[in-house]
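Using the sequences provided together with the hints, build the complete structure.
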Amino acid sequence: MPDKYSRLLERVAPGTVYKNGFSRGADVEPFYAAGECAADNWSGEMDAALDETGKNHFLDVYNRRLTLDSLDTALSAAGARYLDAGCSSGHLLSEAAARWPAALVCGCDCFSAGLARCHDRLPGVPLFRVDLARRGVGTEEFDALSCLNVLEHIKDDFSALSNMRKMLKPGGLLAVTVPLGPALFDLYDEAHFHERRYTLAELRGKLERAGFTVRYMNALGFFIYPAFYLAKKLNRLRVAGLSAEEKQKRAFAQMKIAQRSPVMEKLCALEYSLSKKLKYPCGVRGFALAQK
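If you're matching positions, the sequence shown starts at 9 in the working numbering and goes up one per residue.
Calculated from the structure, these hints are not laboratory results. For each residue, glycine too, the CB sits at the ideal point set by N, CA and C. Please note that the accuracy of each hint is not assured.
[Unchecked claim] DSS-like mimics (lysine-lysine), calculated; alpha carbons at most 25 Å apart, straight line:
1. Lys163 - Lys300
2. Lys174 - Lys300
3. Lys240 - Lys257
[Claimed, not checked] Now the in silico label distances, taken between C-beta atoms and shown as ranges:
4. Leu278 - Lys163: 34 to 42 Å
5. Arg32 - Leu245: 48 to 56 Å
6. Gly23 - Leu245: 52 to 60 Å
Here's what the structure looks like:
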């Protein structure tokens, strides 16, 4: 029986066979390099830190739940195709593969070390190294995409959105999350190589300009926003004069402190239960579900 990914890979990774890696003859690679990729705007240390904290961080857990629930109708059918754009080390992909076992689940990223870690975790999932600002993975190949906390790393985020739209089938869905609050840009954003923080209006405008129709939009982290706002403002006051290395050390320390909190987990669960009825005026992140 042919591998379920074979028809897809004939178009997006010609000349390869996928068996727990891309093979051309005797060589097997953990991911497929889909064209040129810009120099990694990332670091191995940061990738490892996020792999450690991201799985259980209360806001990431909330974000992944909202994303999976939002894409459920598009991906529950056998043979549906899904790609996580900016999959990093694969926490969302792991949950997607478990939730939609009959779907074709793929991931892409620009950072080689993260893709290698993702492959170790999910050897049966095809992965692509691609610069989203330059190109996508195929044309009209996927029923749904996710892009969580990725656009803020890309200088030309509009081109990335346009390329993701090309990857979607007509009527396909994109779930996207970005950090909110341009005025709160601080050492954490610098350490994460962020180009910007967004407003919801800016995110909506860029999605619509790229040709999407926004079906749902809301802020995430409204109930924890006061504590977040205070921490951000204090960071901006405390880091004046610090070197880039010192800022990064402080950012790493804050990431480890904040990753698990029963109180924050309950607040996020409450917020999610109310989010279908309430539009939150502010938050830590912005979420949008857009359609081609």
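Quick one: which hint numbers does this structure break? Sort them smallest to largest.
Failing hints: none at all.
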